[in-house]
Amino acid sequence: MPRFPVTPWKPYEPRFILPTFAGLDNRLGLSIPVWYRPLNLRYLRSLVAGSLKKNFIESVKDLGPELFSLASSGFSRKLRFKLHILSRRGDYLTSHVIPSAFEPGASFDIDLSKLLAELKLPEDDYLVVAVMSRGRMDGVRSSPASFSMTYLDQDNVAIYRTGAFARPLNEGRLKSHVGFTGINPKVIATQDVVSSVLLINHSSDPEYAFPAHPTSVLIREDGEQLQGDFGEIAPLGAREMSVADMFGPQVFDFLKPFNGRGTTVTTCRGMTLASLHLQRSNDNRRTLLGIEHSRPAHMNLAGIVQH
Amino acid sequence: MDKVDLRKEEAALSLNDGLVAQGATADLGIADAIARGYPPSVLYLRNDEVVETEVCAFNYFSTFSKDFPEAEAHVWLFDGAGVQVGYYRKDLGLNGQLQLKTSRVCPNVSGTVAVTLLPKGDAKIRSGKRVTTGYYAQYFSQQGAVALSHEREPVTATTFPLPAWAQTYLTKFIEHSGVIVVNSCLAADGVASGNARLVALNGAVLAEQRLPAIPPMGGRRLATLELFPEAKQLVGSAESFALEVSGENMASPFSYYQFANGKFSLHHF
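Heads up: the protein sequence lines correspond to chains R and H, in order.
Read in order, the letters of the first sequence correspond to residues 1 to 307 in our numbering.
Read in order, the letters of the second sequence correspond to residues 308 to 576 in our numbering.
Check before you lean on any hint, since a few could be wrong.
[As the list claims (entries may be wrong)] Quick list of in silico lysine-lysine cross-link-like pairs, DSSO-like style, CA-CA up to 27 Å:
1) K53(R) with K175(R)
2) K539(H) with K114(R)
3) K78(R) with K114(R)
4) K114(R) with K479(H)
5) K175(R) with K373(H)
6) K82(R) with K10(R)
7) K10(R) with K61(R)
8) K120(R) with K61(R)
9) K436(H) with K373(H)
10) K408(H) with K256(R)
11) K82(R) with K61(R)
12) K78(R) with K61(R)
13) K408(H) with K175(R)
14) K436(H) with K53(R)
[Unchecked claim] With the C-beta cut set under 8 Å, the calculated list includes, among others, these residues of chain H facing chain R:
15) A364
16) V438
17) G441
18) P470
19) H574
20) H575
Please keep in mind that the hints were generated in silico from the structure rather than gathered at the bench.
Note that CB positions come from ideal geometry on N, CA and C, so glycine has one too.
Just chain R, with the same shape it has in the complex (with noise of 0.2 Å):
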């Protein structure tokens, strides 16, 4: 039986996984920048070039579905939305499509609270696949803007902002991964903060089916380390574990010396995983004081010779 009740996005469309959390006003936000077009003259360059990297059948299957959609739009700027509800265990939950269609210079922003509540949702945490009807017409489909993820409680905002894209993700047809490797170097444990890593097992196949299982390893200043499991994540879920969920509560005491600074190493094999890191009050995480999601650091190797 599949997941999704109806497909839940079309390869072209750019998407991504934010978490909800219970107990704090969730937002979701993207502004569309006045200049974006979904087609101009750069992205048809490198879409033409990207096809005679393939044979003409396989280009026509790729681009086909997307162009027409584009041509039965005439060509339109405007950019829809819909928002696909999963809990933190990767099931489908329900979907919810903005009515409205949103041109350049406007801007989709949303209550996620209030609406996981006229969903008839219980409190709960929960995952929102956000899909949006295209993006740039570049590799991956990119949005034009980044999205912005708010969470408010009484007297604190904290904010991370990323893109949607459309792009192979841990599906083995289309994209083998070596590996994810998640570098957090902002990791806290006092009396005060506790961070938390927060992954997501994300891909683009609406079938997708494997669990993830990353380990993650903290590291201090003068290279002492503790290894920590990080127990599994569910296709399509996501993860939040603190460094004391990992490591222990050992792990204040660990990182003492270094006023509680520290940088954990978490990876997982095979897979790509999408990774937010978390400073949280030390107060069984009722509160979330900033959150940011992780940057790909092999990316900054690139311009590198290795042997």
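The hints should help you fit chain H onto chain R, whose structure is shown.
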């Protein structure tokens, strides 16, 4: 250039924070880093009575490169007018890491911070490529909030345009909100300039204002109501609004909220 002597500072940091500054060699100029193909990446710097900035990095060369397991971290700090007010350097061995409270280097200075990680050894850069740096900043409010940011654009030696970028804000926090503009251009004629627009969610432009000029490597925090004193009336009852920034020689802007209790939150557009 008003430059802090960091040899003493590093010694103090080593004693107080356990940070290792052994084996530090000659300082590296920011222009030299760019010329060598390792342009530092910029972020907003804020050290005052409300917020302190910490930069955090890990020697990812030791994770991903057998050829170059050791690295050196260079941190340059500039005030709002783009004057370099501090420099810090640390050697990072295998699994080495940097968690630098920049207020220890330049207290009471706000502007920009730029960081480069350089591999040690004879690393060759691919033709036509450059090696960018990944790092993070933590902005600690005295009242307990922590805002996180990954690095932004690399510093450039030549001028460049900034296309229009916009982000949404919550109207209920309009008087606490604003935009931070950072100049990431090192060129002598690389003054950052441009426009800010107050925009309704449907895309209607409610007001437009010229941004103040920002010298190379400078940075400035501008409140929404400072830019648009009539913003509350213009936005009206809408739940959200957007600010759009465009111009030249600016890294992508940051939005911020700063509440009366001192809690500070920022993030890039």
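Verification of the hints:
Distance hint between K53(R) and K175(R) is fulfilled; the C-alpha atoms sit about 17 Å from each other, no more than 27 Å. About 24 Å separates the Cα atoms of K539(H) and K114(R), which keeps this hinted pair within 27 Å; it holds. At most 27 Å may separate the alpha-carbon atoms for a hinted pair to count; K78(R) and K114(R) meet this at roughly 25 Å. The suggested pairing of K114(R) with K479(H) holds, with an alpha-carbon distance near 16 Å, which does not exceed 27 Å.
Only pairs whose Cα atoms come within 27 Å are accepted, and K175(R) paired with K373(H) is accepted, the gap being roughly 25 Å. In summary, the hint linking K82(R) to K10(R) is supported, as the alpha carbons are separated by about 12 Å, within the 27 Å threshold. For a cut-off of 27 Å, the pair hint linking K10(R) to K61(R) stands: about 13 Å separates their Cα positions. Distance hint between K120(R) and K61(R) is unfulfilled; the C-alpha atoms sit about 40 Å from each other, more than 27 Å.
The hinted pair formed by K436(H) and K373(H) meets the criterion: a straight-line CA distance of about 20 Å does not exceed 27 Å. Between the alpha carbons of K408(H) and K256(R) the distance comes to roughly 17 Å, so the proposed pair stays at or under 27 Å and holds. At roughly 24 Å between alpha-carbon atoms, K82(R) and K61(R) fall within 27 Å of each other, so this suggested pair holds. With a C-alpha separation of about 24 Å, the suggested pair K78(R) and K61(R) falls inside the 27 Å cut-off, and the hint holds.
Distance restraint check for K408(H) and K175(R): the Cα-Cα separation of roughly 41 Å exceeds the 27 Å cut-off, and the hinted pair is therefore not satisfied. Between K436(H) and K53(R) the alpha-carbon distance is near 24 Å, which keeps this suggested pair within the 27 Å criterion. Because the smallest distance between the Cβ of A364(H) and any Cβ of chain R comes to about 6 Å, under 8 Å, the interface hint for this residue holds. For V438(H), the interface hint holds, since its Cβ comes within 8 Å of a Cβ in chain R; the closest pair sits about 4 Å apart.
At about 5 Å, the closest approach between the beta carbon of G441(H) and any beta carbon in chain R falls short of 8 Å, and the interface hint on this residue holds. The criterion of a C-beta within 8 Å of any C-beta in chain R is met by P470(H), whose closest approach is roughly 6 Å, and the hint holds. Annotation: interface hint on H574(H) holds; nearest CB of chain R at approximately 4 Å, less than 8 Å. At a threshold of 8 Å, the smallest CB-CB gap from H575(H) to chain R is about 6 Å, leaving the interface hint in force.
Taken one by one, the earlier hints fail for this structure at numbers 8, 13, listed in ascending order.
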